[in-house]
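Chains as they are written, first to last, in my numbering: chain A, 1 to 394; chain B, 1 to 379.
None of these hints come from the bench; they were simulated from the model.
One or more hints might be untrue.
With the C-beta cut set under 7 Å, the calculated list includes, among others, these residues of chain A facing chain B [unchecked claim]:
| # | residue |
| --- | --- |
| 1 | L275 |
| 2 | H391 |
| 3 | F392 |
| 4 | L394 |
Quick list of simulated restraints, FRET-style, between CB atoms [claimed, not checked]:
| # | chain 1 | residue 1 | chain 2 | residue 2 | range |
| --- | --- | --- | --- | --- | --- |
| 5 | B | T210 | A | L268 | 29 to 37 Å |
| 6 | B | V128 | A | L153 | 56 to 64 Å |
| 7 | B | P299 | A | A126 | 44 to 52 Å |
| 8 | A | L268 | B | I204 | 17 to 25 Å |
| 9 | B | D46 | A | L275 | 51 to 59 Å |
| 10 | B | F123 | A | Q167 | 42 to 50 Å |
| 11 | B | P84 | A | A126 | 38 to 46 Å |
| 12 | B | L116 | A | G9 | 46 to 54 Å |
| 13 | B | Q351 | A | W286 | 33 to 41 Å |
In this text, all values refer to a predicted model and were calculated from it rather than measured experimentally.
A virtual CB, placed ideally from N, CA and C, is assigned to each residue, including glycine.
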Amino acid sequence: MSTVTRDLGNPLRPMPQGVVRWGWILLLLGAVLSAVAYLLDARRAGYDSVILVLFLASLAAGAVFLVALEYISGAVWSVPMRRVSEFLASLAPVLPVAGILPLIHLQDVFPWATQGKAIADHVMQAKSPYLNTSFFVTRFALVCGIWILFFWLFTRNSRKQDTTREQRLTTINIRLSAVFLPVFAFAISATAIDWGMSLEPHWYSTIFGVYYFSGTVLAALAAVTLAVVLLLEGNYLPKLEGDHLYSLGALMFAFVNFWAYIAFSQFLLIWYANLPEETAWFITRWHNGWQAVSIILIVVHFAVPYFVLLPQEAKMDPKRLKFMAVWILFAHLLDLYWLVMPSFDQGVSLGWSELSVPLIVTGAAILVFSWNMGRHNIVPVGDPKLERALHFHL
Amino acid sequence: MTEKPLYAVAALFDSPSAIMHAAEETAKAGFTKYDVNTPYPVHGMDHAMRLRTSRMGYFAFAFGLFGTISAMLLMTWITLVDYPLVIGGKPFWSWPAFVPIAFEVTVLSAAVLSVLAMIVIYFKFPNVGHPLHDTAYMKAVSEDRFGIYVQAADPLFDEAKVRKHFASLGAVRIDPVYVTLPGVADRPRLFEKRFMGVLAATAIVTVAVTYFSLNKLLYMEPFNWMMDQNKLKPQKPSTFFRDGMGQRQPVPGTVARGFMPYPFKGKPDDAGKYLVNPLLPTKEVVDRGRTKFLTFCSPCHGNFGRGDSRLQGQFPSPPTLHSDKVRNWPDGSIYHVITEGQNVMPSYATQIPRDDRWAIIEYIRVLQRAQNPKESDLK
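Please construct the entire structure, taking both the sequences and the accompanying hints into account.
Listed below in structure tokens is the structure:
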């Protein structure tokens, strides 16, 4: 059991009131926008909240995944930033709330949820043992339950360690991660298939779960990077002199490439086989204006982050990392928009109602952080690896 | 031993933090011709040694780009110029299929060329003799010690001073390193005659061995696995026959099984006049005609013979089969067109057997009757 020699500042400093107020303003603005959109066009609001669910799930599940990844890989460098991932994972309990609206309007959003349509169509008929309302709701509850449960278990042990400083708690969390990670693989695939792929029940792609997963981890990493840089600027986190930021940047760069790799793999196989039931999905995304969105997505989600994050200095520079983190979060939102909205409308429809998604997510993230800060240490002060982690050099 | 010139003074340290400190202090003392050797890459060392950012990354990027571009050009040349082949109905220049190969070649050339470049630039390949080689110092740093040495060529070098400098930093061992092969490590000798000669000889030997084993060795007993046998293969010459050909011509007047001469070649009018459909429009015949029509005729003539090609303008569409001209044609004329082709339509004699041609004609009659029914049909 090592003791930390460095002055950690006050790890219980609360978030400034001004920022908390902004969190409320953004969240309420988003909620109002969402409500107005719902009154004007319930179907469109339903699709917007599908994007919201996927985006929130990306951040929440991705953050739990990052925590589990740190434990199971025995990573040292990320220990001072683990609490940031844990705070971000507090979005997990918000997820079921975001899912309420689309669950009420299941029939407007998911074609298979309409009885008559599903019976008349033999493909939907064949898929009905999986794609039916009750099983869908059960799965969503199960998936949310898994994330909330493991978020709660991980953070409870991690917080207990702040006072007890027991090595045993780290061991327990390592075992929990070993249980969680395979379950996570199923849960994230189910989320991707249910909320993304089943919007077009005729279409299927076996790599779709991995595709969503790549965006999930990327978005969570970007959110953690953004929070870490902001918290460092405000002196909430102890000064990280080593290669911590570089590692975050390098992971982000790696997952930018991973996303592109998976996205291209999905495209290449469908393009090669050229089967009508598979190509239909890309054809809707290549006509009626969606072609421009597809090309912009490649540029925004891959080309720009790739070349910006490529040089070594970029991964060490907090300013560039902060900019790229915001950029990647936007890119992930665009990715989800590109996944979901072509099922709503053949043509590109982008309006004020889509704005509610980033507003709600940003507001909720700020509030979740402010709720945690001041209640829980922002650095895991009892973690046995902390001293080594603060001096981490690659 | 002692008359050999001094190359450097080398010191060993115990920990990565000690070597970092030593590098910082050595840089601060103003030495320029010094280097650090560690058993694994110690990050931050370039900063401690006050080296400028390595430009190897730009080289690697250029090598990678070279790989991407050459792979794309190679595949473009193969698919457009050298051997154009329709694959899966896709355009010749199907770039998505090139991406995985371009990616692999990018990684390969970036990695291999970077390593080769580093071997030449830093290790001064093909010079393999370096004063540090085979010293206790080099053995230690490739195991568990961290080493630093200052070259005698450094303008600030003074053996006693350097020793004192390292000792004050807490070095566990300090050794002098002597030059054993004078002049070897001074400059890379890539373009020296001897090295180039060895390179060329290696290339020639490799090519010769490859050629010999693939073209000669594999055809020798017992390596050939009976690939080469004392018998005649199709399309091969032979000295046995007087005309020098291995294959024989059929006996004059031989007729292939099922062969029927077609006497109306180039005489469409005669075909219409004299040929009679041997089949009756029974259900079986019409069904067979329908299958064959949908397989062979419908891509251009359309599923209902309206001339609405399914090929989306990639091939000229034929006129409709429901015109007065075709409706009033005798069966023999249609048979003649299928057999001989007409305008851009090629002959289908090899694809469609005789009876199937007649069955198709029965089906075309059905289609025509359906499009232009008689008064009696509508009652």
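We went through each hint and held it up to the structure:
no.	hint	result
1	L275	violated (11 Å)
2	H391	violated (9 Å)
3	F392	violated (10 Å)
4	L394	holds (4 Å)
5	T210(B) <-> L268(A): 29 to 37 Å	holds (34 Å)
6	V128(B) <-> L153(A): 56 to 64 Å	holds (58 Å)
7	P299(B) <-> A126(A): 44 to 52 Å	violated (31 Å)
8	L268(A) <-> I204(B): 17 to 25 Å	violated (41 Å)
9	D46(B) <-> L275(A): 51 to 59 Å	holds (52 Å)
10	F123(B) <-> Q167(A): 42 to 50 Å	holds (46 Å)
11	P84(B) <-> A126(A): 38 to 46 Å	holds (41 Å)
12	L116(B) <-> G9(A): 46 to 54 Å	holds (50 Å)
13	Q351(B) <-> W286(A): 33 to 41 Å	holds (36 Å)
The structure shown violates the earlier hints numbered 1, 2, 3, 7, 8.
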